[in-house]
Each structure stands twice: as structure tokens, then as C-alpha cells.
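Let chain A serve as the given structure and place chain B with the ligands on it in line with the hints.
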Amino acid sequence: MSRVDVLNGNLAAAHAARLSRPEVIAAYPITPQTPVVEYLTQFHADGSLPCQMSEVESEHSAMSILTGASLTGVRCYTATSSQGLALMYEPYFRASTLRLPIVMNIVNREMISPQTVWGGPQDSMTLRDAGWLQIYVEDNQEILDTTIQAFKVAESAEVLLPINVCYDGFYLSHMTERVEIPSQEEVDAFLPPYRSRHIILDPETPMAVDPLTNGRLLMEYRRKHMAAQQAALVAIEKADAEYARRFGRSWGGVIDEYRTEDAEYLMVSLGSVCGALRECIDDARARGVRVGLLKIRSLRPFPRARVIEALAGKKGFGVIDRNVSFGTNTGILFQEIRAALYSAGSRYPAASFIGGLGGEDLTLEIVAGAIKSTIETVDAGKIDNEASWLVRPERKA
Amino acid sequence: MGDTLSYFRQDMLPHIWCPGCGHGTATGALVRAIDRLHLDKNKVCIVSGIGCSSRAVGYLDFDTLHTAHGRALAFATGIKLARPELKVIVMTGDGDCTAIGGNHFIHAARRNIGITTIVMNNNIYGMTSGQYSPMTPKGFFGTTAPYGNVERNFDLCELAKSAGATYVARATSYHVPLLIDLIEKALLNPGFSVVEALVQCPTYMGRKNKIGGPVEMLNWIKEGTVNVKAAAALPPEKLKDKILIGELYNKQEGEYTADYDALIARVQRKYDKFQGGLYGCASNSD
Ligand SMILES: Cc1ncc(C[n+]2csc(CCOP(=O)(O)OP(=O)(O)O)c2C)c(N)n1
Ligand code: SF4
Chain A
1 MSRVDVLNGN LAAAHAARLS RPEVIAAYPI TPQTPVVEYL TQFHADGSLP
51 CQMSEVESEH SAMSILTGAS LTGVRCYTAT SSQGLALMYE PYFRASTLRL
101 PIVMNIVNRE MISPQTVWGG PQDSMTLRDA GWLQIYVEDN QEILDTTIQA
151 FKVAESAEVL LPINVCYDGF YLSHMTERVE IPSQEEVDAF LPPYRSRHII
201 LDPETPMAVD PLTNGRLLME YRRKHMAAQQ AALVAIEKAD AEYARRFGRS
251 WGGVIDEYRT EDAEYLMVSL GSVCGALREC IDDARARGVR VGLLKIRSLR
301 PFPRARVIEA LAGKKGFGVI DRNVSFGTNT GILFQEIRAA LYSAGSRYPA
351 ASFIGGLGGE DLTLEIVAGA IKSTIETVDA GKIDNEASWL VRPERKA
Chain B
1 MGDTLSYFRQ DMLPHIWCPG CGHGTATGAL VRAIDRLHLD KNKVCIVSGI
51 GCSSRAVGYL DFDTLHTAHG RALAFATGIK LARPELKVIV MTGDGDCTAI
101 GGNHFIHAAR RNIGITTIVM NNNIYGMTSG QYSPMTPKGF FGTTAPYGNV
151 ERNFDLCELA KSAGATYVAR ATSYHVPLLI DLIEKALLNP GFSVVEALVQ
201 CPTYMGRKNK IGGPVEMLNW IKEGTVNVKA AAALPPEKLK DKILIGELYN
251 KQEGEYTADY DALIARVQRK YDKFQGGLYG CASNSD
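Going line by line, the protein sequences match chains A and B.
In terms of my numbering, the first sequence opens at residue 1 and continues consecutively.
In terms of my numbering, the second sequence opens at residue 1 and continues consecutively.
For the record, the hints were derived by calculation from the structure and aren't laboratory data.
Source: prediction; values computed, not measured.
Please note: incorrect hints may appear among the correct ones.
To be verified - Pulled from the structure, derived: some chain B residues nowhere near chain A, Cβ distances all over 10 Å:
| # | residue |
| --- | --- |
| 1 | Asp3 |
| 2 | Arg9 |
| 3 | Glu85 |
| 4 | Lys87 |
| 5 | Arg152 |
| 6 | Asn153 |
| 7 | Ile211 |
| 8 | Glu237 |
| 9 | Val267 |
What the hints assert, rightly or not - Selected chain A positions facing chain B (in silico; Cβ < 7 Å):
| # | residue |
| --- | --- |
| 10 | Glu38 |
| 11 | His174 |
| 12 | Thr176 |
| 13 | Ala344 |
Idealized CB from N, CA, C, for every residue including glycine.
This is chain A alone, in the form it adopts within the complex:
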């Protein structure tokens, strides 16, 4: 039987990890991910998480340990944030190119400089091309459900890639919500034990992992890796559908749509700001404005076909990015959406926004302003080549 509890995002992630029965966990504490490590240590000490667990001396070591562990064919889990992810980059890239289905929650935190500890998905979005699957979620229930599904997606035979389930630092990691926690039996029925068949260090069948490899062969690896990313589009949808059947909750697979059917304008974003967008969309709808939400869940693989389909027949769209893409004048998601539409031969008026960096609040007022400004841009038939900045008015002293 599942049970209902009040959990912060980090505890929801820790329960998901526990229920997925990882065999090796290695993690290093960093704000705002730290409580995940503490909860897991407590579960481990209490005996409710039987696994090998190591509090290592850095994130680089954490991912290196998991690489070694995963190569012996066991299920592995970790979590990190921002600077920790940056330090992990070397083994991060390698875990994906070795095709190791490691699951890692990224508790999104802004990158320094200047020094900051608050939320923002710049950390993981910057690494979108490192070969991992990346899913962004909006609330604590979605953290729990998606993290459990992530093991299934990563380990499925046609995918075999590591995966990040990314959620907002503080807004989700430290805020409590009602969360339904499935029972161990239910999760076991959904998620069978992992058995590695593609790459495994086993004395019975010796294998040399990663000898020096020429470019021709390396390209063959990359081509297959790209194909596995495409296969993940299907695997994510399948896992979501099966989860919905068993647990009664679907998160939409690679994208989620809200009030889009008859919409003329779409707002596009990812992560926790989608909550504010839903509220503002309801508000606008009440005033007769036909606007809807396209929430990108899977940034990698990018759900090109679903995005094209969702936008078909709309007047135009606006994208709220809580990140920057230096040198392009816009945020990352805006570029991704534009690139997807180019392949469909469609040209939509579009507005680009950047805001909510470094934990700045995207208030309902600001988000409503972005919707209004999107409608103006779209009605004028314009396509932004430079993002507008969403900033709170300076507080009067």
C-alpha cells in the first residue's frame, strides 16, 4: 500500500532512490542537495536501504566510484548540484560514453561567479550535450515518480544511458508538499533488478574497457549513442504509461501540455516555474485570453516531434529561460525550440525571456507580464533575437 506524507523535494528524491534498490551510492554534500545524502545515510543506518554507501571526498570521486561500480553490473545512484556537477564533468561525460545507466538527481543551483547558492538550472542545462538523458520536473511528487521511472528508462535495453532528474534548488528541494510514496512491493513490480549485459567486468568473460580507440571507431560509438538518445524518447513515454497504469499518475512523458487544445499562444518552460505559469494561464483564460503551457520535461533527448505537434496551428509562443546561453543573446530552451521548429519548416513569432537566475523569484506578476509581452510580440509578428530580462522592480528603501 502506498502512503501519503508531507515531504520536501530532497526527501522525495531520497525515498525514490531507496525504493529503487540501488546497490552502490556515492555522494558528496553540497547545498542544496545535502539533505538527500543525509536522508540516504539515515535510511542506510536504519537498515531500510541495504546497499554500499560511501561519503567520498569530492564529486569527482563520487562519479568515478559509480563508474567502477556500474561496470561490475550493479545499479547506482547519486545526487549533486552546481559546483559539484562542474567538478564531476570529467567522469560525467565518461559515464554516458561508457553507456552506464547511472541515475543522478541534480538539485539545480546557479553557477558561480559571483558566489551564489540559490536555484537555477544553469548547472545541468549547460551540460546538455554530455550524452546523459535529462528530465526536468515541476513538483515533489514528480521528483519521486520520475526518479523511480528514471532507472527503468536508463536501464532499458535499447537505451542504456545515464539519466539526470533535475529539480529546483530550494523552491522544490526545501519546500514541503503532499507526496504519495508507493510501497516497496509496488515499486519492485514496476522496476525489476538491473542486470548488465552490454558492458561488464566479469572475470568469467574478460573485457578491456576503454583502450585507446581511433576516430573511425569512436564515431561509431557516437552514432550509436545518438541512436540510444532517440530510443529514449520512446522509453520515457513507455515508462510514464506503465507507471500511470500501476500508480495512477502520468506526467506526460517527454512533454506536458496544459490548456493547449484551443490555445492561440503557448508559453514554454521547464521546471518549477511551470507552477506559476499554470496559475497565470488560468487567470488569463478567465479573461478570455487563449493561452496554454508547453512544459518540456525531457531536454535530452529533445522531443522535437512532440514540440512541433504541440505548436502546430498556434499563433506563436514565448519561452521563459532560467538560464543563459552566452554568445547567443537568449536562453538555452529558446534556441532548442527554434531549432526544432526549423526542421518542420514552420516559422512562428516568438518571444524570449530570461529570468529567475540565482534563485530570483519569478512571481505571478512577473510571469503574467511575460505572457502579456509574448502576446504583444506574437501579434506584431516578431521573432526575438534577444531575450527580455524578467526582473523584479527594485525595492524602495
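Only chain B with the ligands this time, still in chain A's reference frame:
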């Protein structure tokens, strides 16, 4: 003693440390040692990593650099190489220095680079709320050691010594005059100096281990330590589980940037048409 407050960025106060935290005492000791030596503020650069301890530099009115977790010594090495005439000081925590930054620590010591390193050791990761560190003694509790730490801990001073540091000392936030003296001597050592300052973290180390508040922790630190001079006269059973404080090692050896400059001067003499130097080589630009 001069006006120590003038060494602080007073507009940044009050500080973020918890009441009774030992980091302020160690920071105060550093400032007093600098004051005694009449160091020119503009010739001092203080570098820190990340942690409660590393926050100290934000309050100090010198050229300061707050870097990444574990990397203070690497940044400081760059500064010292480029500007060897500066007095470069590193303020770091036990986690910052010996976990994520352990590699930089042993290599800075091995090179004997002229950096004075103050390690504010509270035996725990304070900033991230009380996980055990490589300097948490075996059996002690932390948020990631709910039933006691099973790992062994470093003896930082032994580590520094064996890695090649030329000045190594230890004092505590209880023995403040000693701490100031030792930092002063460390600042005078041309090579790599390490002063370990044992300090209390009442919020996590104290609470998790039921040692008590700041006063009880200071007593705990006092009871756990013996001055190295007194230790010489004590029988081994009296020294069991005691931590030695005082000057533990002091030996003059060539300092890295000075040796480097000497090498450049020697090579330049040998090839006297060579126009290069510390700041780049004009005849060697292709
Ligand atoms: C790459 C990276 N990983 C993790 C962290 C999170 N972090 C910040 S401070 C800290 C530990 C600090 O402990 P210590 O150096 O002992 O200093 P204290 O806070 O106890 O003074 C950690 C793990 C970080 N900032 N960067
Ligand atoms: S948590 Fe510990 S180390 Fe950090 S400021 Fe508080 S007492 Fe000091």
C-alpha cells in the same frame, strides 16, 4: 597592539557565524599576528576555499579571494607565482583542505611554496550542516555518521610534515596567545607553513556529539591537548589520545618561487642574449 578592527571590512559585519563558533577566534588571531608584524596591508593577499571557515576572508580588509571548494591553495599558488613579493595567506577548513582539496595541500607542501596556510579545524563540515570530514575522529557522530564514523582521520600536522611543509604548528581557540605566536612565526617562514587551529563548532560537532555549548567545547579542546614542550617530560600513558600543540616542525629549505627565480637568473646569465624573463620572452614568440 594596534587597532585590530581596522583590519576588518566593518560594513560586512556582523558575520554569519553561529554564536560561540571558533572561526572568529582563529580569524582574530591571524589579524593580531599580522598587526604585530606590521605587514603592509597592500602586500598581503588572503585566499580561501568554501566553508564557514572560508567565509572569513569576506570580513578582512585586504585583497581577498573567495574561491571554489578545496581550491584555495591552487589559486594561491597562482598568485604567489605571479607576484612572489606578496605575503599570501590561505584560510581553509578541515574539509576544504583535506577532503576535496587534499591533493593541492600535499603538492603545495611538497613544493615548499611561500604560502601561510591556516587550517581552521572543527572536525566536521560546518557549512553543509555537519557531515563527517576526513578529520572527524573515528567513532564521532555527524549527520552522515548517525551511528559513529567508521573511517580513520588524518593527523594534519603529520601529513603536512611528511609532504614537505617547512613550518608546522598547532594551537587552539582555547590557547589564543599561543595561536597568535605560532601564526606570527608561520608568517615569517619563507616556505610553506601550516598552522592547524583546533576550533569549536558548537552547532554541529558540539550538538551531534553531545559535547555541549561553546564553553564545554573549549574545555573539551583544552582537556584533549598537551603542549609539545610539556609532553617531552610526560610518561606515555599521560599522552594517550592527547593532541600535541605548539611548534611541531621548523626547518629551513629552499622556497619554490625563490628557487624558480634563481633558476631563471642562472639560465639568463648562461645565455646572455636571451631576453626572456619572468614576464615572458620577447625573442621566443613564434
Ligand atoms: C565542488 C563543491 N562540492 C561541495 C560543496 C559544498 N560544501 C561547501 S562547504 C563544504 C564543507 C566545508 O567544510 P570545512 O572545510 O570543514 O569548513 P567548515 O564549514 O566546517 O568551516 C562543502 C562540502 C561545494 N561548495 N563545492
Ligand atoms: S555551523 Fe559550526 S562552523 Fe559553521 S558557523 Fe556555525 S558553529 Fe561555526
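Q) Hint numbers the structure violates, sorted upward? A) 11, 12 and 13
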